[in-house]
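There are 2 protein chains.
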Amino acid sequence: MEVESLNNEKAPGFFARGWRCLKAKVVDITMNAKKLVKDDPRRVIHSLKVGLALTLVSIIYYYQPLYKSFEVSGIWAVMTVVVVFEFSVGATLGKGINRGVATLLAGALAIGAHHLADLTGQGEPILLGFFVFLQAAISTFMRFFPKIKARYDYGLLIFILTFSFVSVSGFRVDEIIELAHKRVLTILIGGAMCVIISIVVFPVWAGEELHNLIALNMEKLGNFLEGFGDEYFQVPGESKEKKTFLEGYKAVLNSKTSEESLANFAVWEPAHGRFKFRHPWKQYLKIGSLIRECAYRIESLNGCLIADMQGSSEIKSKIREACTSVSKDCGKALKELALAIRTMSQRSSTDSHIKNAKFGAKRLTTLLKSGIWEHIDLLQVIPPVTVASILIDVVNCIEKIAELENELASIANFKQVKPTVSPEKKQEVGSSQSKIHCSHVIITVNDDESSSASSANPNLSGPRNKEDK
Amino acid sequence: MEVESLNNEKAPGFFARGWRCLKAKVVDITMNAKKLVKDDPRRVIHSLKVGLALTLVSIIYYYQPLYKSFEVSGIWAVMTVVVVFEFSVGATLGKGINRGVATLLAGALAIGAHHLADLTGQGEPILLGFFVFLQAAISTFMRFFPKIKARYDYGLLIFILTFSFVSVSGFRVDEIIELAHKRVLTILIGGAMCVIISIVVFPVWAGEELHNLIALNMEKLGNFLEGFGDEYFQVPGESKEKKTFLEGYKAVLNSKTSEESLANFAVWEPAHGRFKFRHPWKQYLKIGSLIRECAYRIESLNGCLIADMQGSSEIKSKIREACTSVSKDCGKALKELALAIRTMSQRSSTDSHIKNAKFGAKRLTTLLKSGIWEHIDLLQVIPPVTVASILIDVVNCIEKIAELENELASIANFKQVKPTVSPEKKQEVGSSQSKIHCSHVIITVNDDESSSASSANPNLSGPRNKEDK
Chain A
1 MEVESLNNEK APGFFARGWR CLKAKVVDIT MNAKKLVKDD PRRVIHSLKV GLALTLVSII
61 YYYQPLYKSF EVSGIWAVMT VVVVFEFSVG ATLGKGINRG VATLLAGALA IGAHHLADLT
121 GQGEPILLGF FVFLQAAIST FMRFFPKIKA RYDYGLLIFI LTFSFVSVSG FRVDEIIELA
181 HKRVLTILIG GAMCVIISIV VFPVWAGEEL HNLIALNMEK LGNFLEGFGD EYFQVPGESK
241 EKKTFLEGYK AVLNSKTSEE SLANFAVWEP AHGRFKFRHP WKQYLKIGSL IRECAYRIES
301 LNGCLIADMQ GSSEIKSKIR EACTSVSKDC GKALKELALA IRTMSQRSST DSHIKNAKFG
361 AKRLTTLLKS GIWEHIDLLQ VIPPVTVASI LIDVVNCIEK IAELENELAS IANFKQVKPT
421 VSPEKKQEVG SSQSKIHCSH VIITVNDDES SSASSANPNL SGPRNKEDK
Chain B
1 MEVESLNNEK APGFFARGWR CLKAKVVDIT MNAKKLVKDD PRRVIHSLKV GLALTLVSII
61 YYYQPLYKSF EVSGIWAVMT VVVVFEFSVG ATLGKGINRG VATLLAGALA IGAHHLADLT
121 GQGEPILLGF FVFLQAAIST FMRFFPKIKA RYDYGLLIFI LTFSFVSVSG FRVDEIIELA
181 HKRVLTILIG GAMCVIISIV VFPVWAGEEL HNLIALNMEK LGNFLEGFGD EYFQVPGESK
241 EKKTFLEGYK AVLNSKTSEE SLANFAVWEP AHGRFKFRHP WKQYLKIGSL IRECAYRIES
301 LNGCLIADMQ GSSEIKSKIR EACTSVSKDC GKALKELALA IRTMSQRSST DSHIKNAKFG
361 AKRLTTLLKS GIWEHIDLLQ VIPPVTVASI LIDVVNCIEK IAELENELAS IANFKQVKPT
421 VSPEKKQEVG SSQSKIHCSH VIITVNDDES SSASSANPNL SGPRNKEDK
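Keeping their order, the protein sequence lines are chains A and B.
In terms of UniProt numbering, the first sequence has 321 at position 321, counting the first letter as 1, and numbering is strictly consecutive.
In terms of UniProt numbering, the second sequence has 63 at position 63, counting the first letter as 1, and numbering is strictly consecutive.
Derived from the structure by calculation, the hints contain no laboratory data.
Any given hint could turn out to be false.
It does not matter which identical chain is meant; a pair holds if it fits inside one copy or across any two.
To be verified - Below are the PhoX-like pairs computed for lysine-lysine, each with C-alpha atoms no more than 20 Å apart in a straight line: (1) 147 with 369; (2) 147 with 34; (3) 23 with 149; (4) 415 with 38; (5) 25 with 147; (6) 286 with 400; (7) 35 with 149; (8) 25 with 35.
Use the sequences and the hints to build the structure in full.
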């Protein structure tokens, strides 16, 4: 009786489970699709654009007069659209130009090779085979050159394809010139269709993407730094919620590949919006790599944040205010830099944030010198002091980012925007600085044991606070 | 007179400069090519393999009996070879299978769509156009799903291509079934040619590449850690040469993309060499991401190494021995782990290195507790102490790597190798440990000022030295 009921339960259970599993899968896919659309609605637009381009070029096939002039070659237009249409204008243009130029070059070379082989008579297949082998091997090897791979990889692929195609089929098809001519023409039609649609219908510019990505990465680091101080120095027991803004920086650690490919696409793009042709995209890569260096430091800060060993709360409370203000100023400076990039305008307020951060770093250095740590277990001192020293390093890093951003601004002619800080606010900043400066006068520490250390003293804050020089 | 002589100098100068420039360019390219070959001689072999495969499939065109059965469709074999042949077996297989399956599926669907459109009579082009639009839009959108993009991106591209191709050309060519049949057959021939040549002639297995890359990355970090101690604590004035081994870790920071693509290729590969089908490639990605985390810490260590502010040489000399030994043990442990992966065998000597490193970290913690830093300017204390605390963190990280490596070893059935350490050596390690342990007894620091700090004391070395638990 029991066995039977178990079996009975099993049979419908199996189907029910299968059904539930399928339903869960469908729900899962729908959720994923919704997230993809929500993250970037242009994905849907891109899909529709590809469909549109493909439908338009297939008219060559459907429309009698056009079909008469191209015949079966019309299919190359369809193929070109499928393989050339990419998400961004730059990628589409790059692939289109690569495909066009490579087809022309390889076609011409293949016709030459074909004529040369023709002269030998009997040995034609052997010579043609040798040519195909040689160009395939050489072109394939050339694809390993990093610079060529970045810009002309697709072109070399098409070169191999077209050369083999034309020279091999030339052995049979007598109207080789006509074949090449038709193919080039249909490829041009397909390529032009892709380029026109990708530029005209809601264009996605790789350059603008790179521009925004760099600004976004800065903002992510800025968010972390703005929130870090409060998070790290909070009284234990305070709520530890809404930490998502502290995780944003992780995406920056691995953004090198996407930045580089966007920069490679961007060079193909014509002037668009606020970007001229030959906008200094390489400068973005330099800034991006500095941002990543800054992100590595933030990874260390995050390590301090989540470490079990948090160190002396006494020391923490002593450096809390200075660290929090440095961290906030760094965050604000990064966000201002990001805003400057986004709006393509130089703001003097950025400089003031960096100055504040540098000032704060100096103040922190003074604080660390002032002997607040005496008679406390060094192990308890290390964690907060590590945080302080990483923050001082971050200030340094952000200063470098600002320098590179200044270079970018001068190359790309960013607008100059007058300070938006009101006079009262300015004064407030000034007075708070001097107030703090006064409250922490340099206290000389008893140097009895550290003769070698004190001899190194003059170099102390030198490299970290260029203001001194 | 002067002007003339200037012009005279200019004219030959211009050509001479042009010639020199060209010569420099050629020399530059040759050097680059030589470097590419030296770095990985398989690049030349790959190029020759592509040439060979292409020449072999073009025989379909040259050889009369074969040409009779395939006619112009033979060109699809050539195209397949050009686009499918990749550097590794996995990538080639993945592309080949994607292309084959997508062609079959899309071909069948397109024939169905064609028949359906046929029934409508007059509206055929419109309905076909609609189908092409719909499938292109849906397939393009599907390419945005990260999982699909990683494995089936090429398949979806070919799906769009074949569906458009067959359904569009079906409008004209009546022998649509025969066309599809020939195309599938030639694609199979081309694909099979690629797969066979890539497996038979000096195969490059993506799985093995991933396996070696992970081991290599470990070795790079190991090299850094082994050399770090001597480099950081060297007496100023000692030669600062041959630092190349200290730069190797930088490549690890950005290896995520290549690891992931290798893992994606590896799943397509059959059993090869020491790797079974369904070898746990995902485990390598987990290890790889931990290795990167360790690399971020090493980036911080490198920052300490090149910093202008080196801190108190007194403190440095006090912790020199302990830090150097932890760093060396970490390096050895990583290199042992790398060796274990390379040889696919578990060594008990690895555990002993990790134990040593953990022991060293504990010793370092004790040292830091022992008040060696008293009466020294904190700013002078920070740099060496930061190094020490990062090293303690690195030990923690390497322990986690070892855990994941153990998991990998048990899933992939690594061989067990008996310890290779000779008894004398073992004793030596033991005695040096106890000697050091004795020389640095825990000195209680005067806690008068840090009541809150001392209350946190029990947790001190807990999280960093799991041995305690």
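Here is how each hint holds up against the structure:
| no. | hint | verdict |
| --- | --- | --- |
| 1 | 147 with 369 | neither (50 Å within a copy, 53 Å between copies) |
| 2 | 147 with 34 | between (38 Å within a copy, 15 Å between copies) |
| 3 | 23 with 149 | neither (44 Å within a copy, 23 Å between copies) |
| 4 | 415 with 38 | neither (33 Å within a copy, 49 Å between copies) |
| 5 | 25 with 147 | between (43 Å within a copy, 14 Å between copies) |
| 6 | 286 with 400 | within (11 Å within a copy, 34 Å between copies) |
| 7 | 35 with 149 | between (33 Å within a copy, 16 Å between copies) |
| 8 | 25 with 35 | within (15 Å within a copy, 50 Å between copies) |
Violation of the numbered hints given earlier is confined to hints 1, 3, 4; the remaining hints are satisfied by the structure.
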